[in-house]
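Visitor: Let the hints inform the model, and build the full structure from the sequences given.
Residues in the sequence shown are numbered consecutively from 1, following the UniProt record's numbering.
Worth double-checking, as some hints may not be accurate.
[Claimed, not checked] Derived CB-CB ranges, DEER-like: (1) GLU241 to ASP273: 13 to 23 angstroms; (2) GLU241 to ASP154: 41 to 51 angstroms; (3) GLY158 to SER288: 52 to 62 angstroms; (4) ASP154 to ALA133: 18 to 28 angstroms; (5) ASP36 to GLY193: 34 to 44 angstroms; (6) THR295 to ALA156: 49 to 59 angstroms.
These are calculated hints, taken from the structure and not from any lab test. Every residue gets a Cβ at the ideal spot worked out from N, C-alpha and C, and that includes glycine.
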Amino acid sequence: MSTRTHDGMPPADPVPLHRLALPPPQAPPFTIGSFDTFGPDSRAGYPHRHSFYEIVYVTAGSGGHVIDLVRRPLRPPHLCVLLPGQVHYWDRVSGLRGVLMLFTDDFLLARPADRQLLRALGERSWLHLPPGAGGSDAAGLGALIRAMEREFTDRADGCASVLAAYLHILLVHALRLPGAAPRPDAATGRAAGVSRQFGLLLTETAGAAEWSVGAYAARLGVSVGYLNEAVKRTTGRTPGELVRAARTLEAKRLLTGSDLGVGQVARRVGFSDPAYFCRFFRREAGVSPGEFRRTADGNHHVHRTESIDPHGPPP
Numbered sequence: 001m002s003t004r005t006h007d008g009m010p011p012a013d014p015v016p017l018h019r020l021a022l023p024p025p026q027a028p029p030f031t032i033g034s035f036d037t038f039g040p041d042s043r044a045g046y047p048h049r050h051s052f053y054e055i056v057y058v059t060a061g062s063g064g065h066v067i068d069l070v071r072r073p074l075r076p077p078h079l080c081v082l083l084p085g086q087v088h089y090w091d092r093v094s095g096l097r098g099v100l101m102l103f104t105d106d107f108l109l110a111r112p113a114d115r116q117l118l119r120a121l122g123e124r125s126w127l128h129l130p131p132g133a134g135g136s137d138a139a140g141l142g143a144l145i146r147a148m149e150r151e152f153t154d155r156a157d158g159c160a161s162v163l164a165a166y167l168h169i170l171l172v173h174a175l176r177l178p179g180a181a182p183r184p185d186a187a188t189g190r191a192a193g194v195s196r197q198f199g200l201l202l203t204e205t206a207g208a209a210e211w212s213v214g215a216y217a218a219r220l221g222v223s224v225g226y227l228n229e230a231v232k233r234t235t236g237r238t239p240g241e242l243v244r245a246a247r248t249l250e251a252k253r254l255l256t257g258s259d260l261g262v263g264q265v266a267r268r269v270g271f272s273d274p275a276y277f278c279r280f281f282r283r284e285a286g287v288s289p290g291e292f293r294r295t296a297d298g299n300h301h302v303h304r305t306e307s308i309d310p311h312g313p314p315p
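Guide: Here's what the structure looks like:
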């Protein structure tokens, strides 16, 4: 079965969209295994995005991994965190091995704060781990992931809660690594909470037709003035600046990961006038949409929606 994910994802995504298909009964909405477990699409060499979270622990391989237009060379061990909506593909990889952890937003219901930790890691995406003995990592994240594999395979009573606890520990330890994104601000109070919710909402609504600060304020139940004050105080940037950055990133994703024309891309990111979109994009990216598409290290493929269907015994 295909699990339900964020409503903000467009129903007909022009970038190939992989959904998570789990054998019934779906308990919990989580799966883990090797690249071979999930088949060829786990090594997809074409731009695509997911409707689910993915954590990849890479233990071997050469080549590169392109995430939101940035290519990371493979020098295992690595830990990679992909958020729903991010566009990625594996670039000319060979000997790719490791463990993949796939889960939907439903898996985070018991620990909603973990969405903020995932977002912080997703902004960095790619962490090189200090190597340890036998191809493992000195940080011990590999051992933790292997423990999660065993827990998932055994399916003992309380499996879902144990896996959720392991995931939380993994995220906290990953954020302690040198070079990882700073741990999300633990400040309390209404303003801090509104700012965090705005950041999550902005991440989750990639590709949404509505990009105005007023629309986000309405969804959060606050005034535009209060949203501006809260976000500026906690991030140093205005909501408008963050919305423009997210809008530009989504346009770049569509220009390099789909065959949409510039006018179609403009409409997907909320511009009814393609000429105005071109001026906006040039101001934000420094080049026109056409120039960006021609020079970007993009890879255009037939559009399709895939289901990642893990093989193995059902829960």
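Visitor: Decide, hint by hint, whether the structure agrees.
Guide: Against the structure, the hints:
1. GLU241 to ASP273: 13 to 23 angstroms: holds (22 angstroms)
2. GLU241 to ASP154: 41 to 51 angstroms: Once the Cβ atoms are compared, 48 angstroms apart, the range 41 to 51 angstroms for ASP154 and GLU241 holds.
3. GLY158 to SER288: 52 to 62 angstroms: holds (55 angstroms)
4. ASP154 to ALA133: 18 to 28 angstroms: Taking Cβ atoms as reference, ASP154 and ALA133 lie about 26 angstroms apart, which means the hint holds.
5. ASP36 to GLY193: 34 to 44 angstroms: holds (42 angstroms)
6. THR295 to ALA156: 49 to 59 angstroms: holds (53 angstroms)
Of the numbered hints given earlier, the model fails none.
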